[in-house]
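Undergrad: Residue-level listing of the chains:
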Amino acid sequence: MNMAEEKKGEKLSVRILDLFNGLLVAAMSLAIFLQVLARYVFDYPLSWPEELGRFLFAWIVFLGIVQVLRLDEMPALDLIYRWIPDKAGQFLKFIVSVVILGFLVIMLKGGFELMARQTAQISVALEVPMAVVYSAIPFGTLLMCLLMLFKVIDQGKTLFAKKKTARDGGRP
Amino acid sequence: MESLLFIVLLLGFLFMGFPVAFALGLVGFVIAYMAGIFNPIIITHIMYSQGIDSFPLLAVPFFILAGGLMEEGGISQRLIDLAQFVVGRIRGGLAQVAVVTGMFFGGITGSAIADAAAVGSVLIPAMKKKNYDPAFSAALAAAAGAVGPIIPPSIPMIIYAVIANTSVASLFLGGIVPGALYGLILMVYSYLYARRRNYPTETVPLTFHNFIMVSKRGIFPLLMPVIIVGGIFSGVFTATESAVVAVVYSFIVARFIYHEVTWRNLPKILASTARSTASIMYIIGFATFLGWVITSEQIPQKVAEAIFSLSGTPWIIISMLNGLMLVLGCFIDPVSILILICPIALPIIKQIGMDPVHFGVILTVNISIGALYPPVGELLFVTSRIGKVSYYDISKAIMPMVILLIGLLFLVSLVPDTVLYLPRLFAPGN
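Sequence order for the protein chains is A and B.
For what it's worth, numbering that gives the first Met the number 0 labels the leading residue of the first sequence as 0, then goes sequentially.
For what it's worth, numbering that gives the first Met the number 0 labels the leading residue of the second sequence as 0, then goes sequentially.
These are calculated hints, taken from the structure and not from any lab test.
One or more of the hints may lead you astray.
[To be verified] Restricting the straight-line Cα-Cα distance to at most 20 Å, the calculated cross-link-like pairs of lysine to any residue (SDA-like) are:
id : chain 1 : residue 1 : chain 2 : residue 2
1  : B       : K395      : A       : L78
2  : A       : K10       : B       : L205
3  : B       : K267      : A       : D77
4  : B       : K267      : A       : K92
5  : A       : K108      : B       : Y32
6  : B       : K267      : A       : I152
7  : A       : K108      : B       : M15
8  : A       : K92       : B       : G11
9  : A       : K92       : B       : L10
10 : B       : K267      : A       : L22
11 : B       : K267      : A       : A37
12 : A       : K150      : A       : V104
13 : B       : K267      : A       : L11
14 : A       : K10       : B       : Q49
15 : A       : K108      : B       : F37
16 : B       : K267      : A       : K86
17 : A       : K10       : B       : Y32
18 : B       : K267      : A       : R69
19 : A       : K108      : B       : G35
20 : B       : K387      : A       : F19
21 : A       : K10       : B       : P266
22 : A       : K86       : B       : R263
23 : A       : K108      : B       : Q49
24 : B       : K267      : A       : F19
25 : A       : K92       : B       : L8
26 : A       : K150      : B       : M15
27 : B       : K267      : A       : R81
28 : B       : K267      : A       : L70
29 : A       : K10       : B       : N264
30 : A       : K108      : B       : K387
31 : B       : K267      : A       : D71
32 : A       : K92       : B       : M15
All values reported here derive from a predicted model rather than from experimental measurement.
All chains, full assembly: derive it from the sequences and hints.
TA: Structure below.
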């Protein structure tokens, strides 16, 4: 019951983020196409679509990667997990997740500092605060940290609780 | 010493199962920490501002989106029909069709994985049905898909153009002859293989009526590379602009001509574009950061010195670089190799007087082949799964093809005209 509900909630949030990311991609395409139209068809070059496109691109990358991480789609080698025993594999995966979590925390710190440094800056064409763009980095990275934290807890639980409930299967 | 540490760490992290982007970043962390230049704000700054925030790289999501729209728009069957009409009557007809379809797709998606999956999902079952060896069928579909990045438009070439600051138009034009030779090699190999095993030809009515029918159905997707290459090369569009025009064109074809993309499945295509884009750009970001770290530690100079101390002859140097990239290709994905090799290779090729466009195309051919052999060979994973063939069998079946393609790589490397003839002909300025 509880698990099913949790799954459903997870799916909904995946779908919402997918929808949002998709909208960003559509907006970016339209902005750049507008620039092409303005320049070549109406002979009236605009400067803001290029900037808008680049800003949306930043958000697409840092929100998109959250989704990629969540769906376990990041390109990686998994050869070793076919060679070593299951238990060792689980342990190694746990270590890898912990290191990634630490890595992301450092990125989060860097992202926040970088954003803080940009608060006074205003973009050239759109005249929005640059922090609006740079906040994509800490925001996306924060979500990644949370995902990784949940994963570490999950993996830790299956790893260390194994002895008590030997046959619960354990979520991967 | 540091160069060695860099390679050992990178391979170590990759083998432990770290995603490529994190492995690159972690190696950068370690080297930067040892050098005393570790600083989170600089890491994120280099990663974002130098790696990701680039207008020319917006072409990457646009080409992914255009390819996604076309694929969802049902071009597979139409392109296969067209390929069947052109080469179906040659011995081993379906194998020939797979190669030509792979080349057609290469002109549309520019991504090897999408190509291999599209070609494989229809043609591997078809070949198996006609008693082709399953491992051969799956291996051939992988090899046919790998031509994608060599034939324009090409995502690796766009990334290379940004890093090496060269003309995308020249790179695209330069890929055409090597891409055609690549297809030819696979077709000849399939012909010989099919003749030995007495595989059938396909019966396609070679009538004028049929020709009109088939081309009418297949012509729209094939016009896309013409629009892209023509647009960039005539100087009308930049690469990014031509990519967005390709998006609009493929949307019109898929939505209003083929009626297969609807408002319902459009969000799915957009979302998967966002994910693929993020996946590539995140790797580019950390590869750029690692490139910055190794450059500030002067590792490229040391590698260059080591290479020059072995030999000063251009063709030997190029062969060594190719060898190095092929070895890296065993473990690392194509895009990462591209970004990591550039800081090392670009000064070297400048010193030996090689054209950066020529090198860019060599690099693209090299990393395309790199996706085809074990232990990693990402394309083998894709098509062996489709063909339900064991990884061992497909690895064995693809080896003769890989050896032939490495022969092509050396031909393209040592005979510059195979690459530079077309760019010189059409764009003498570049």
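Undergrad: Give a verdict on every hint.
TA: Status of the hints after comparison with the structure:
no., hint, verdict
1, K395/B <-> L78/A, "holds (18 Å)"
2, K10/A <-> L205/B, "violated (51 Å)"
3, K267/B <-> D77/A, "violated (27 Å)"
4, K267/B <-> K92/A, "violated (30 Å)"
5, K108/A <-> Y32/B, "holds (16 Å)"
6, K267/B <-> I152/A, "violated (31 Å)"
7, K108/A <-> M15/B, "violated (25 Å)"
8, K92/A <-> G11/B, "holds (14 Å)"
9, K92/A <-> L10/B, "holds (17 Å)"
10, K267/B <-> L22/A, "holds (11 Å)"
11, K267/B <-> A37/A, "violated (29 Å)"
12, K150/A <-> V104/A, "holds (15 Å)"
13, K267/B <-> L11/A, "holds (14 Å)"
14, K10/A <-> Q49/B, "violated (35 Å)"
15, K108/A <-> F37/B, "holds (13 Å)"
16, K267/B <-> K86/A, "violated (37 Å)"
17, K10/A <-> Y32/B, "violated (40 Å)"
18, K267/B <-> R69/A, "holds (17 Å)"
19, K108/A <-> G35/B, "holds (18 Å)"
20, K387/B <-> F19/A, "violated (36 Å)"
21, K10/A <-> P266/B, "holds (16 Å)"
22, K86/A <-> R263/B, "violated (44 Å)"
23, K108/A <-> Q49/B, "holds (19 Å)"
24, K267/B <-> F19/A, "holds (11 Å)"
25, K92/A <-> L8/B, "holds (18 Å)"
26, K150/A <-> M15/B, "holds (17 Å)"
27, K267/B <-> R81/A, "violated (32 Å)"
28, K267/B <-> L70/A, "holds (15 Å)"
29, K10/A <-> N264/B, "holds (18 Å)"
30, K108/A <-> K387/B, "violated (46 Å)"
31, K267/B <-> D71/A, "holds (18 Å)"
32, K92/A <-> M15/B, "holds (8 Å)"
The structure fails hints 2, 3, 4, 6, 7, 11, 14, 16, 17, 20, 22, 27, 30 (numbered hints given earlier, in ascending order).
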